[in-house]
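When you get a sec, could you build the whole thing from the sequences and use the hints?
Residue numbers (this note's numbering), protein chains in the order written: chain A, 1 to 218; chain B, 1 to 218; chain C, 1 to 218; chain D, 1 to 218; chain E, 1 to 218; chain F, 1 to 218; chain G, 1 to 218; chain H, 1 to 218.
Just to be clear, a hint being listed does not mean it is correct.
Label pairs and their in silico Cβ distance ranges [claimed, not checked]:
(1) E137/E <-> N57/G: 15 to 25 Å
(2) H6/H <-> R50/G: 33 to 43 Å
(3) R54/E <-> E134/F: 45 to 55 Å
Only pairs whose alpha carbons sit at most 20 Å apart, straight line, appear in this in silico DMTMM-like list of lysine to aspartate or glutamate [as the list claims (entries may be wrong)]:
(4) K3/D <-> E134/B
(5) K3/D <-> E37/D
(6) K52/A <-> E68/A
(7) K3/G <-> E130/F
(8) K3/D <-> E130/B
Derived by calculation from the structure, the hints in this document are not laboratory data.
Think of the CB as a built atom: it goes at the ideal place given N, C-alpha and C, for glycine as much as any other residue.
There are 8 protein chains.
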Amino acid sequence: MIKFDHQREERIRLPESVFCHDKTVEMLNEILVDLAEGATARVLFTRLSREKFRSLNPDLATRLDYHELSETALLGGPREERVPGKVAVITAGTSDLPVAWEAQRTLHYLGVASTLVVDVGVAGLWRLQERLPEINEHDVLIVVAGMDAALVSVVGGLTARPLIGVPTSTGYGVSSGGRTALESMLASCSPGVVVVNIDNGYGAACAAVRILQGIQPE
Amino acid sequence: MIKFDHQREERIRLPESVFCHDKTVEMLNEILVDLAEGATARVLFTRLSREKFRSLNPDLATRLDYHELSETALLGGPREERVPGKVAVITAGTSDLPVAWEAQRTLHYLGVASTLVVDVGVAGLWRLQERLPEINEHDVLIVVAGMDAALVSVVGGLTARPLIGVPTSTGYGVSSGGRTALESMLASCSPGVVVVNIDNGYGAACAAVRILQGIQPE
Amino acid sequence: MIKFDHQREERIRLPESVFCHDKTVEMLNEILVDLAEGATARVLFTRLSREKFRSLNPDLATRLDYHELSETALLGGPREERVPGKVAVITAGTSDLPVAWEAQRTLHYLGVASTLVVDVGVAGLWRLQERLPEINEHDVLIVVAGMDAALVSVVGGLTARPLIGVPTSTGYGVSSGGRTALESMLASCSPGVVVVNIDNGYGAACAAVRILQGIQPE
Amino acid sequence: MIKFDHQREERIRLPESVFCHDKTVEMLNEILVDLAEGATARVLFTRLSREKFRSLNPDLATRLDYHELSETALLGGPREERVPGKVAVITAGTSDLPVAWEAQRTLHYLGVASTLVVDVGVAGLWRLQERLPEINEHDVLIVVAGMDAALVSVVGGLTARPLIGVPTSTGYGVSSGGRTALESMLASCSPGVVVVNIDNGYGAACAAVRILQGIQPE
Amino acid sequence: MIKFDHQREERIRLPESVFCHDKTVEMLNEILVDLAEGATARVLFTRLSREKFRSLNPDLATRLDYHELSETALLGGPREERVPGKVAVITAGTSDLPVAWEAQRTLHYLGVASTLVVDVGVAGLWRLQERLPEINEHDVLIVVAGMDAALVSVVGGLTARPLIGVPTSTGYGVSSGGRTALESMLASCSPGVVVVNIDNGYGAACAAVRILQGIQPE
Amino acid sequence: MIKFDHQREERIRLPESVFCHDKTVEMLNEILVDLAEGATARVLFTRLSREKFRSLNPDLATRLDYHELSETALLGGPREERVPGKVAVITAGTSDLPVAWEAQRTLHYLGVASTLVVDVGVAGLWRLQERLPEINEHDVLIVVAGMDAALVSVVGGLTARPLIGVPTSTGYGVSSGGRTALESMLASCSPGVVVVNIDNGYGAACAAVRILQGIQPE
Amino acid sequence: MIKFDHQREERIRLPESVFCHDKTVEMLNEILVDLAEGATARVLFTRLSREKFRSLNPDLATRLDYHELSETALLGGPREERVPGKVAVITAGTSDLPVAWEAQRTLHYLGVASTLVVDVGVAGLWRLQERLPEINEHDVLIVVAGMDAALVSVVGGLTARPLIGVPTSTGYGVSSGGRTALESMLASCSPGVVVVNIDNGYGAACAAVRILQGIQPE
Amino acid sequence: MIKFDHQREERIRLPESVFCHDKTVEMLNEILVDLAEGATARVLFTRLSREKFRSLNPDLATRLDYHELSETALLGGPREERVPGKVAVITAGTSDLPVAWEAQRTLHYLGVASTLVVDVGVAGLWRLQERLPEINEHDVLIVVAGMDAALVSVVGGLTARPLIGVPTSTGYGVSSGGRTALESMLASCSPGVVVVNIDNGYGAACAAVRILQGIQPE
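So, in structure tokens, the structure goes:
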């Protein structure tokens with residue numbers, strides 16, 4: 001019953017992906033069968049929890065390249081076309097890693113090189129300053145942070161690169177759910193910072209690809 | 001008493017600007033005197049309401065290029081360096097114009113060419129479809145929309161360009177204040193859309209400049 | 001102890017139904033016994049989870065026509081009276097299907113014909129445009145969408161039909177719980193769109209029946 | 001600069017209207033000039049405050065039929081086509097009248113007959129019960145209520161008619177802004193009630209017209 | 001380590017009770033031991049879930065009169081002093097029963113007679129009207145309702161009795177958690193209605209006892 | 001056009017009053033004319049701001065007993081029937097006085113004696129303890145407090161009297177609007193405390209009258 | 001009618017102050033008369049707007065030392081007792097000055113020396129780093145910041161001093177009202193940071209005095 | 001992959017700790033291995049649930065001093081340096097104990113003596129007054145309270161000591177999650193009270209240490 005948007009890649013240069021969070025195992029199996037029969041050789045699955053992955057029809061699941069901590073799976077491998085440029089995926093803390101990995105896996109799928117820069121939260125500024133020259137060698141920065149998300153403002157004030165903030169739902173109390181991180185990023189005192197939905201590593205990666213693809217001569 | 005971040009442009013390639021919303025007329029006069037004496041020849045003032053502008057010291061105010069509807073003022077004109085590329089500033093409705101103009105004035109100040117595409121809200125899709133080829137000739141898209149902000153998803157699904165959404169605080173009831181537009185943009189079903197704070201035309205323009213500046217060979 | 005509103009159908013032409021979400025298995029068994037003894041031959045059960053259904057007294061449960069994905073059960077089959085007109089139940093994505101099925105099962109129970117139109121979200125507009133003529137052959141439209149719910153505004157701007165929006169609680173971050181979809185629908189820029197509670201496929205179906213029943217000559 | 005959706009009436013059988021709330025006087029004057037020159041003879045202006053109306057260019061303003069308490073103005077009078085059927089606009093209290101009048105003025109403009117039923121709030125149920133037979137003679141009911149909006153559930157439980165709830169922003173404390181009324185209506189225990197945005201008398205009227213127009217044989 | 005407020009009953013004529021929701025089984029066992037040794041013969045336990053009750057030290061648990069659906073337990077039985085007057089506990093729907101039972105069990109413990117009036121929600125007004133004379137024979141009314149909580153306003157408009165509203169966290173979407181019911185009750189259009197916390201049947205019972213005790217000659 | 005609920009007093013022993021907050025001066029003048037002609041000799045007006053009062057038709061206004069700080073006006077004086085019992089109206093601070101006076105004026109109108117106890121906020125507990133014996137001589141307590149509203153819990157823990165909390169919208173930051181005070185009262189750790197809407201001195205007075213009237217032999 | 005807490009200074013070593021925000025001019029005049037007659041020679045008035053100050057009885061107002069931008073007034077000058085230690089009041093931007101000045105004026109009144117460090121927001125980190133040695137010479141730090149309030153985490157990660165965050169209500173969109181700054185500070189990734197209410201410069205100063213007074217040998 | 005901030009203790013005199021809430025067991029095992037190899041002999045783990053602790057590599061886990069109810073673990077024992085002064089950790093009720101224990105365990109780890117004062121909630125004021133002299137012998141007070149958190153204001157009005165409020169997420173309805181307690185503390189009517197995030201016993205302890213360390217001669 002599922003209707004794929006097969007024209008998407010042609011139209012917006014981003015292939016369709018399957019967001020598994022609210023889909024039942026039955027729906028996912030049906031999608032995998034459709035894909036097996038259809039023309040779309042490559043698909044990225046996001047928010048595919050370990051439980052769901054393990055409940056899939058084994059014949060279908062075996063064709064997936066699954067990564068548990070990022071809850072992503074690739075069918076058919078990354079696309080062949082390589083996008084020029086490099087993306088740095090920067091995290092404030094270890095707890096932000098699953099979202100950072102979702103971003104990295106999406107970039108990999110979309111043909112973009114990326115570097116992971118971990119644990120440079122502003123409570124210990126020297127860690128960020130130590131890695132700033134390396135960070136500045138990238139064309140687009142994705143900053144993944146929860147709690148007060150202060151890292152976005154600090155990085156935004158130290159570099160001229162396009163900076164995409166990804167708030168994470170880590171923490172408790174006022175941090176819980178990621179609202180504080182989201183609104184803190186939107187209210188950033190550094191100019192020209194942009195933001196995606198809470199925990200949306202996938203979306204940040206797609207935005208980076210729009211930037212890298214959009215500017216180049218075609 | 002004010003301390004400017006004179007190193008900002010050198011560091012992040014965006015000059016400092018003065019956000020006037022929470023500053024008293026006395027503070028603004030003091031800033032203008034400081035600027036007259038200082039080295040920073042060019043400054044952009046945002047959220048400078050008509051009332052405040054008219055209350056400024058006339059000798060200082062006369063040096064400003066003031067635009068009432070966008071509540072912006074330029075001191076010393078746009079910077080001389082031209083940034084390559086073009087930005088389209090797209091609005092859903094007429095009520096979104098002040099924010100769109102803030103974006104355009106900021107782009108002008110920063111040396112970027114832009115086009116305004118007005119009144120292409122999705123309730124009458126033909127208006128958007130008519131202008132899509134023209135929109136696609138731009139390198140970065142800024143989409144300004146209030147209420148349900150559906151325009152962001154529709155544009156995001158029709159073009160491969162980097163797309164920065166600016167929610168506006170137009171409307172009433174659940175639209176009032178712009179929260180619904182903001183969250184609708186963050187929840188967009190089109191991949192790779194990024195968002196700035198409500199009514200933040202200035203921030204969207206800076207983000208566009210980060211993109212245009214960041215990718216080019218230096 | 002339960003007291004049914006047996007006069008409801010006579011009064012408002014909609015029979016009472018049993019909302020199972022906050023009822024214990026004991027309460028549901030008691031209701032089934034009461035119904036077995038009482039005059040109300042036909043009842044619709046909504047939000048009857050698989051776990052609860054399986055815990056019911058088997059003698060009673062066996063009389064129910066249960067549909068797991070919509071969490072609905074019919075006792076005594078659909079009512080005999082047929083309501084004239086047709087309803088289209090339209091979904092933005094696959095994740096919206098359980099709510100769409102609740103709407104369809106309710107319509108079936110109430111004697112109304114309906115068509116399901118799946119996966120026509122605005123990120124790929126061509127899918128909607130392809131099916132618009134078919135959609136326009138229906139008398140009432142129910143649009144089921146989560147996230148930014150932009151589909152409601154787009155459909156509302158393309159058709160003159162009565163349009164009932166059902167926000168869904170799909171997604172994560174700002175989408176989680178369905179508030180963004182709800183408020184986006186309420187803020188729709190298309191005129192004359194109406195909305196029901198989050199995930200309330202049942203209510204949308206009842207509203208469609210009020211429309212179809214209310215206008216016809218009696 | 002304004003771009004009208006002139007095809008709207010043809011497409012969705014509802015003409016475009018001008019929402020004045022976030023538009024400056026300059027924008028409104030420009031729109032009036034455009035309309036004077038254009039093909040669209042008839043337009044409804046909503047949320048046109050007394051202050052704005054009085055600031056309009058007098059030559060243009062004089063062509064408007066202005067109603068202060070509903071903040072509406074008609075240019076060119078109601079459309080000629082009459083829509084069959086009758087709408088009852090029901091209010092809980094006197095404070096809900098401005099929104100009720102906006103609904104009535106919109107219905108009048110769109111060619112629909114309506115009756116106003118005032119002050120039938122549930123704190124004094126006898127007033128509602130007294131008028132129930134009269135209410136039931138209408139084809140669509142618009143219920144306008146603030147505070148706890150309990151009237152919607154009570155009316156919804158007493159009649160089979162399509163019922164559109166309009167929450168109002170009357171009251172103070174938890175009532176202030178209309179959120180409580182809105183959510184109370186969405187949570188109504190009466191089946192098949194639908195809701196529009198807070199204070200949106202215009203939207204409720206358009207929804208009523210969709211119902212009345214949509215079902216009739218064409 | 002627990003420190004009881006043994007002077008409470010003397011001071012405010014309401015004995016202390018033990019709220020078990022956030023206490024571990026270890027804490028509860030310790031409290032039971034303390035009570036066994038101490039002077040306080042009678043205690044009411046609220047929010048004691050079945051799981052926790054079953055995990056208690058069996059020697060201690062056996063001394064409790066436990067009621068699963070209301071999650072209450074009595075140690076030492078109801079107090080001997082009888083409070084004059086009668087309370088009606090009225091519910092909108094079956095889903096509100098657990099909270100109503102908590103109120104009734106608390107009243108029983110405190111020595112007050114009560115009557116349960118179930119399923120008189122306003123969607124079927126006749127059920128309420130049928131029982132109104134009986135309701136009016138009580139001295140204090142406790143109205144337990146979720147969703148839109150319209151029952152409070154309707155009852156408040158039909159009787160002169162003190163009326164305590166208890167919002168419940170039943171339902172889904174905007175009803176979920178009970179906020180809508182709470183705010184709807186606070187915004188009630190019937191004068192002199194008072195409210196307690198969501199699901200707080202215990203508190204409503206205590207308030208009724210304050211009323212019944214407070215007025216009588218001592 | 002206004003429809004009074006003249007049967008209210010007979011039904012619930014509380015006369016109707018006129019809430020002026022959302023009514024225009026025109027509506028209020030019309031109501032005053034209706035009252036002058038009608039049978040209802042006595043009416044209480046609440047939320048009648050100084051500006052509105054001064055804009056009323058002078059012939060009508062002169063018949064009102066107006067009290068500016070509580071924004072109340074009496075037409076025809078207090079009712080003749082005296083209600084037995086006494087109410088203490090207790091405030092945490094001076095800023096809570098307007099709400100306390102609204103409660104007192106309503107009690108006066110309804111024929112109930114009351115005492116005002118001012119400035120006994122818990123930051124200086126001795127002030128409360130000094131007046132506790134006097135407070136305990138009253139039959140019902142109304143506690144008016146903003147900010148953290150801690151006074152309600154402290155008073156509730158020191159007395160057995162029925163206690164009605166009225167949160168006020170005083171303060172700034174998290175106190176602004178009165179939400180914190182409201183929720184703090186609802187979450188009170190003292191058993192049997194009940195609450196009304198923010199700033200609702202009128203409602204608290206009516207609740208006190210329900211208590212005083214409801215229990216007495218008739 | 002006002003009742004001062006004259007014992008406060010003796011009890012908690014902080015004299016009472018008068019919060020003028022919700023008090024009428026009449027109340028303030030009465031307080032000033034009471035103070036003139038009473039034993040309390042010294043009082044601090046906070047949130048005394050220019051409008052209110054100018055409306056006071058001139059004979060009384062003339063005795064006040066008024067500071068417009070901080071909206072504070074001193075009666076009787078600062079207390080004679082000097083508190084040992086020094087406080088740094090640090091602001092992210094110029095817009096935070098009024099709150100910083102309220103803190104400084106309160107410290108002055110309470111006998112504490114303080115230094116103002118302005119415009120060290122994290123978008124230009126060098127400004128903060130330049131002044132860090134000077135900041136570290138103070139015993140307590142008050143950090144005043146709006147928007148994303150990232151300055152609190154950065155300062156908290158660079159110094160061992162007690163740090164009190166004061167969120168400000170500057171900015172617009174998600175910053176408006178100061179919620180984002182408040183929650184960002186509460187979620188700070190730097191350990192041991194504490195927070196007061198939005199715009200509460202007075203409270204931060206009192207907290208600093210508690211620290212400075214509390215530790216010293218008495 | 002984890003990068004510790006080994007310079008933290010030297011810089012801010014608080015050693016780094018590991019917040020385990022959002023870390024997987026794999027991440028925690030990796031951290032423990034890193035620590036075993038590294039120079040940081042002592043680390044505090046917070047929010048380490050029983051489930052996670054039991055899933056750790058047993059060889060690593062055995063080196064931890066684990067305390068289940070506070071969900072804390074110490075590696076390498078408390079630091080040797082003793083901080084002068086004493087802290088009182090005061091709780092309103094038994095349900096607040098886990099957070100109080102987290103504060104105490106953190107203080108222990110950081111070398112500070114502390115006393116636990118339990119069950120002194122304001123509903124029974126005598127319990128607090130009985131222990132006030134003992135409380136006043138401490139240098140810093142940490143007050144842990146949920147629900148209305150009134151204890152903070154009462155203690156703040158009775159003592160001159162620095163007072164750090166820790167709101168807890170105990171309770172249900174409006175108390176649920178701890179927002180009401182948090183905002184009530186921020187709105188406290190007692191001057192100079194400061195607040196940390198909900199359930200943040202760790203942060204309150206660190207703040208106490210900043211105070212105790214910050215003032216002493218070095």
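Hints the structure fails to honour: 1 and 2
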